[in-house]
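First to last, the sequence lines map onto chains Y and H.
Just so you know, the first sequence maps onto residues 61 to 370 in the working numbering.
Just so you know, the second sequence maps onto residues 734 to 983 in the working numbering.
Please note: incorrect hints may appear among the correct ones.
Within a straight-line C-alpha distance of at most 20 Å, the following computed EDC-like cross-link-like pairs (lysine to aspartate or glutamate) qualify [what the hints assert, rightly or not]:
1) H/743 to Y/360
2) H/743 to Y/88
3) Y/302 to Y/273
4) Y/260 to Y/291
5) Y/191 to H/783
6) Y/236 to Y/333
7) Y/63 to Y/333
8) Y/310 to Y/291
9) Y/293 to Y/273
10) Y/191 to H/947
11) Y/236 to Y/141
12) Y/311 to Y/291
Ranges of calculated distance between the beta carbons of each label pair, as one might list FRET restraints [said to hold, decoys possible]:
13) H/966 to Y/117: 52 to 60 Å
14) H/850 to Y/117: 50 to 58 Å
15) H/763 to Y/112: 43 to 51 Å
16) Y/96 to H/926: 23 to 31 Å
17) Y/174 to H/773: 56 to 64 Å
18) H/946 to Y/174: 55 to 63 Å
19) Y/122 to H/937: 30 to 38 Å
20) H/879 to Y/117: 29 to 37 Å
Chain H is faced by these chain Y residues, among others (derived, beta-carbon under 8 Å) [what the hints assert, rightly or not]:
21) 144
22) 162
23) 166
24) 323
25) 324
In case anyone wonders, no lab produced these hints; they're calculated from the structure.
From the three backbone atoms N, C-alpha and C, an ideal C-beta is built for every residue, glycine too.
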Amino acid sequence: MIKVDNLTKRFGRHSAVSGASFEAADGEVVGFLGPNGAGKTTTIRILTGFLPATSGTATVDGLDVSEHPLETRRRIGYLPESVPLYRDMRIREYLRFRGHIKGLRGDSLRRRMDEVIERCGLGDVRRKMIKTLSKGFRQRVGLADALIHDPPLLILDEPTNGLDPNQIRSIRNLIKELGESHTILLSTHILSEVEMICDKIVIIDGGTVLASDTPSNLVSTMRSAGRISVEVKADPERAREKMSALDQVKKVIHERNRGNWGEFSILVESGTDTRERLANLAREEGWPLRSLHRHAATLEDVFVELTRKD
Amino acid sequence: MGTLLIILRKEFRGFFQSPFGWILLSLVTVMQGWSVSSAMKALQDAPIPESLVYIVFHMPQFWFYFLALFPLITMRLFAEEERAGTLETLLTAPVQTAQLVLGKYLATLCFYLVLWIPSFLQFQIFGLLTDLDPPFSTGSLGGVFLLIMLMGSLFIAIGTFASSLTSSQIIAGVITVGLLFIHYFLGYITVIYGDQFPAASLFHHISASEHLRDFSRGLISSSTIIYYLSAAAFVLFMTHHALNYRRWKS
Chain Y
61 MIKVDNLTKR
71 FGRHSAVSGA
81 SFEAADGEVV
91 GFLGPNGAGK
101 TTTIRILTGF
111 LPATSGTATV
121 DGLDVSEHPL
131 ETRRRIGYLP
141 ESVPLYRDMR
151 IREYLRFRGH
161 IKGLRGDSLR
171 RRMDEVIERC
181 GLGDVRRKMI
191 KTLSKGFRQR
201 VGLADALIHD
211 PPLLILDEPT
221 NGLDPNQIRS
231 IRNLIKELGE
241 SHTILLSTHI
251 LSEVEMICDK
261 IVIIDGGTVL
271 ASDTPSNLVS
281 TMRSAGRISV
291 EVKADPERAR
301 EKMSALDQVK
311 KVIHERNRGN
321 WGEFSILVES
331 GTDTRERLAN
341 LAREEGWPLR
351 SLHRHAATLE
361 DVFVELTRKD
Chain H
734 MGTLLIILRK
744 EFRGFFQSPF
754 GWILLSLVTV
764 MQGWSVSSAM
774 KALQDAPIPE
784 SLVYIVFHMP
794 QFWFYFLALF
804 PLITMRLFAE
814 EERAGTLETL
824 LTAPVQTAQL
834 VLGKYLATLC
844 FYLVLWIPSF
854 LQFQIFGLLT
864 DLDPPFSTGS
874 LGGVFLLIML
884 MGSLFIAIGT
894 FASSLTSSQI
904 IAGVITVGLL
914 FIHYFLGYIT
924 VIYGDQFPAA
934 SLFHHISASE
944 HLRDFSRGLI
954 SSSTIIYYLS
964 AAAFVLFMTH
974 HALNYRRWKS
């Protein structure tokens, strides 16, 4: 559905996106992750035809967005980050206007309006002025607008930004539901959201795509998957030396001492388990062993590892 | 074409869905009525060899409220969309920039024409109330309203252009006022410096006050019509490019 190939966008000397490539297949829910300023919104704006790319191509449903701007926009339902709406319009009036400029008329427009109002839970407020709505309802109005022309692709830019936990949950459930019948590109930096909803994750930082895979694959291939914590009562220097000498151990860090107990973090190669050999070593050396724990990596570890600057 | 009409209708209704349009309409009606009554007072006081239409549009009030209208009705057009971010939702819907520019422009032009209905009626009322022949010819009334429409088409285009340059309505309004004043006073260059320099005819050609003098006497010149319409088209073309360029840069 989406294919972004070597996309670059420069603003003067500053590159917001540099050589980004990723894909989203039909029906996939793709999480688009990255720290603030990573180039997510710029990429999305190029996809939706609001900004032209400096170089590279972006296609939606096989059509290049810069060559067929109107056709691709018809296939996209877009919810911008700030959810811009006309404050002085009523919800129905707004949706009617948006439906009109997206080419809906008469009966089919009325039917779609009823459907999206129902689906987005706007039934009770449908006659209200937009400026009187809470942030959560505005988000729903934005989403209803994105859905009104029944597009196969939804592009949602931080849809849960600034909502309270209950609102986040209800928007998230809505997105989950929509994911069953739509391709969705969901930009966010809330990782739990992505773990819950997405089939695939694209991580972007500094304008380049750092990883693009399913959440479980990403977690299992990360280096942080192989971190082990050990607490032994031993001379720290000697313990570090001995543990470093084991096979498949990449690095041993002496974290701190708690009384006589020394805490160590051990980085090992991914896909190996060194805990048994560590236990054996402790027994042979006669070190009392208090804890031996392998950390399960989370998406957060993956994200931090890929995007941290230090 | 459908999209253009939808945008036109939305924008036109927008003028009447807030107090703004109604306040402006009533203020303009008052100013127009005041012009007519002070013109009649002037005719009563001393014989003037000009028609009522000519005198009404040469009252000191006229250029004041006339030039102040344009920033008021145009400053909102694109600046507000830009500020609220709704330009993004508009231009990511299947809408062409040209449809958006023309839709907004024509809607404002329609509202502007509505603003002149009271003035037109005031001239009709004279005949209805007095049973006398109106003290002006059809030619001068028609000429003045034609010129009002022509000046409106250019000045609204200028305001639309200014609004597309910024996200601040105030700045858009100030730019519009500035450009309109400059345009107006360029017409006075020949009054200040005389006709003895090569470009003098150019300044006569674009002088709004000379256009008003001629048209309100019923002297309609095709070169003036072409001047306003082609300049309006050119400024709209620039608006289209300014909007695209702004998106391309930022």
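Here's how the hints hold up against the structure:
1. Between residue 743 of chain H and residue 360 of chain Y the CA atoms are separated by roughly 46 Å; this puts the pair beyond 20 Å, and the hint is violated.
2. With a C-alpha separation of about 37 Å, the suggested pair residue 743 of chain H and residue 88 of chain Y falls outside the 20 Å cut-off, and the hint is violated.
3. The suggested pairing of residue 302 of chain Y with residue 273 of chain Y is violated, with an alpha-carbon distance near 37 Å, which exceeds 20 Å.
4. Distance check on the hinted pair: residue 260 of chain Y and residue 291 of chain Y sit about 37 Å apart at the alpha-carbon level, beyond 20 Å; violated.
5. Restraint check for residue 191 of chain Y and residue 783 of chain H: not satisfied, since their Cα atoms lie roughly 53 Å apart, outside the 20 Å limit.
6. Simply put, residue 236 of chain Y and residue 333 of chain Y have alpha-carbon atoms about 36 Å apart, too far for the 20 Å limit, and the pair is violated.
7. A threshold of 20 Å between alpha carbons decides the hint, and for residue 63 of chain Y with residue 333 of chain Y the separation of about 38 Å lies outside it, so the pair is violated.
8. Our distance criterion of 20 Å between C-alpha atoms is met by residue 310 of chain Y and residue 291 of chain Y, whose separation comes to about 18 Å.
9. Taking the CA atoms of residue 293 of chain Y and residue 273 of chain Y, the gap is about 41 Å. The hint is violated against a cut of 20 Å.
10. With a C-alpha separation of about 49 Å, the suggested pairing of residue 191 of chain Y with residue 947 of chain H is violated against the 20 Å cut-off.
11. Restraint check: the Cα-Cα separation between residue 236 of chain Y and residue 141 of chain Y comes to about 19 Å, which is no more than 20 Å; the hinted pair holds.
12. In summary, the hint linking residue 311 of chain Y to residue 291 of chain Y is supported, as the alpha carbons are separated by about 16 Å, within the 20 Å threshold.
13. The hint said 52 to 60 Å for the Cβ distance between residue 966 of chain H and residue 117 of chain Y, and at roughly 35 Å that hint is violated.
14. Taking the beta carbon of each, residue 850 of chain H and residue 117 of chain Y are about 53 Å apart, inside 50 to 58 Å as hinted.
15. Between residue 763 of chain H and residue 112 of chain Y the Cβ separation comes to about 48 Å, which falls inside the hinted range of 43 to 51 Å.
16. Checked against the hint of 23 to 31 Å, the pair residue 96 of chain Y and residue 926 of chain H fails, with Cβ atoms roughly 58 Å apart.
17. Remark: the range hint 56 to 64 Å for residue 174 of chain Y to residue 773 of chain H is upheld by a beta-carbon distance near 58 Å.
18. Taking 55 to 63 Å as the suggested C-beta distance range, the pair residue 946 of chain H and residue 174 of chain Y conforms, at roughly 59 Å.
19. Evaluation of the 30 to 38 Å hint for residue 122 of chain Y and residue 937 of chain H yields a failure: the beta carbon distance comes to about 59 Å.
20. The given range of 29 to 37 Å is broken by residue 879 of chain H and residue 117 of chain Y, whose C-beta atoms sit roughly 51 Å from each other.
21. Using the Cβ-Cβ criterion of 8 Å, the hint placing residue 144 of chain Y at the interface with chain H is satisfied: the shortest such distance is roughly 3 Å.
22. A cut of 8 Å between beta carbons decides the hint on residue 162 of chain Y: the least distance to chain H is about 6 Å, and the hint holds.
23. For residue 166 of chain Y, the suggested interface contact is broken, since its CB lies about 12 Å from the closest CB of chain H, more than 8 Å.
24. Of the supplied interface hints, the one on residue 323 of chain Y is violated, with its beta-carbon coming no nearer than about 50 Å to a beta-carbon of chain H, more than 8 Å.
25. Checking residue 324 of chain Y against chain H by beta carbon gives a least distance of about 51 Å; that is not within 8 Å, so the hint is violated.
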